[in-house]
Amino acid sequence: MNYTTIVFLFFLLATGVLYFSAPKKIQWGVLLAASMFFYILSCGVKTAFLLAAATVIYTGALIIQTIEDKFAIRKKELEKNQRKELRKKAERKKKIIAAASIILMILMIFSTKYFNFFGSIINQAMSASGIGHPIPVLKILMPLGISYYTLMGISYITDVYRKTITAERNPLMLLLFLCYFPHIIEGPFDRYAPLSNQFRQSHRPDYDRIKNGGIRLVWGLFKKFVIADRAGLIVNTVFSHEDMYSGSVFIIAILLYTLQIYTEFSGCMDMVCGTSQMFGITISENFKRPFFSRSINEFWRRWHITLGEWLKDYVFYPVSLSGHFKKINEKIRKHINSKYLLALIPSAYALFFVWFCNGLWHGASIKYIFYGLYYYILMMMGQAAKPLSDKCLAKLHVSRNSHGYHIFEVIRTCIIVCFGMMIFRSGSLSQACSVFTGIFANFNISQIFSGALMVKGIHIWDYFILAISFMLLLTISYLQEKGMNIRETLSKQIIPIRWTIYIILLFSIIIFGAYGGNFANTTFIYGEF
Amino acid sequence: MKELLKILHEIKPDVNFEGRTDLFSSGDLDSMNIIMLVSEINDEFDVDIKVPDIIPENFNSTENIMKLIKKLQDEEI
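First to last, the protein sequences are chains X and R. As numbered in UniProt numbering, the first sequence has no gaps in its residue numbers, which increase by one up to the final residue, 529. As numbered in UniProt numbering, the second sequence has no gaps in its residue numbers, which increase by one up to the final residue, 77.
Derived from the structure by calculation, the hints contain no laboratory data. Since the structure is predicted, the reported quantities are computational estimates derived from the model, not experimental observations. All clues given are correct.
Below, in silico cross-link-like pairs of lysine to aspartate or glutamate (EDC-like), each with a Cα-Cα straight-line distance of 16 angstroms or less: (1) X/Lys312 to R/Asp53; (2) X/Lys339 to R/Glu40; (3) X/Lys163 to R/Asp53; (4) X/Lys334 to R/Asp43; (5) X/Lys326 to R/Asp46; (6) R/Lys12 to X/Asp390; (7) X/Lys326 to R/Glu44; (8) X/Lys331 to R/Asp43; (9) X/Lys326 to R/Asp48; (10) X/Lys80 to R/Glu75; (11) X/Lys84 to R/Asp74; (12) X/Lys327 to R/Glu40.
Chain X extracted, bound-state conformation:
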């Protein structure tokens, strides 16, 4: 079941009716039943992976909690030294359980998502040394949402280990956290404590909340159907006939792909946040107008926010505060006096893991690893060149706070992101390289004007709709960036104006949405991760 289908709409209505008519104490039970129904219908027997993951993290967290609770009771009777010794033992046990649970979770995702990728690398290496292909190719389809519930499970068990939350005693509540239908397909990566607290509360139907959630859901559908799917048809045609198109056409296709992936992913987040809001459950935000960012660091704090936060909390900080990292840091300090290098080298070390994991999470392919490292290299270059750029700006009398420099930084970030999207969209790393070289070697701007962009199924009318929708999106984003709450502003308008806008938005999806014909069977890009 997909969020953009009529079936989902009926599912949502039925769940809403059951949810709001259920007694307070079992409302979360309705959400669990609905989420499991949604998941089983979408995923079938592969639901076993979800149940196995839930069992592993539930059991692991409970054992960790028991060790912690036992220590808390026993420590009262002990002297300081004995307490220290017992603490050490308890920590060691907890670490073993947490590590074993996390390894099991990783093995599950590895067997379905990464086995064939790493197998092919080993086979290639073996084949080069004449051993043959010892690793078989498995025909396993990746279970829906495994990349999301695995990371959420790891964050849960790590938080129990770190004592920032206590382990959940009710296995069904934990299962709901993992499979909650608004976040199972494309995230966001929610954290356990804020979500479980909301699940336990009672939620009565509230007109404003349901209306606001509904508007956000419709806005997400607008982004998906009117913009993303229309742009996607052009992008798919250009990228699947690489030899036919010149560099200039590819530049348009890359810009359109950036628009497609942004409107599709943020549109999906609007749909799921809006849906969840209707049930009274606030889930994490994943976007904050990323294309207004002044640097790529800022871009990644505004794009797929919950993935960045996850990587920061569960990869970056643990690596940076690990004993291994401290030893490296001490060695560097012994041999290097330069403050510049003392700041740069540790960053380069810790951030490498973050960006490698970021790339690998997106997919089992060299292309995705390169995508992550592309940002890593650019960030490190930016950090390394900062003293030089500061000197240049001072010589040129350009202030970093000036309006002109701000605009320059935003445009520079957009260009960098667009090239990143080119890698992301390409079928392979070699295609990304040939598209990149083609942009410069065979620019040929005349191809744009000779109708090359009028691909099958696309009319000049579609470009017009894209341009108008893009302007609308840009205006709304700009107003939000300036601090305006669009839905609140709309709700203050008189009823005829307000409802005219709502109805226009709804009908624009029905009339201008890209359905049927060549637009059929579009899915969510991030749903495939």
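Following the hints, complete the assembly by docking chain R onto the known chain X.
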């Protein structure tokens, strides 16, 4: 507090830390600055700041950073 301010100024010379209550949330101290700060604080004050301690509440103001240091120094096992 003097030692802490010295460390902070070395990491971020262009930021005025006094009276601020949003150092972490505003992004003035980014994750890389936090790591450098933690490393310096651990050395200077002989404490061991761990990952769960890295939350906005602990790093949003110099007073809260001092409170965290004090808590870790006094911490009972």
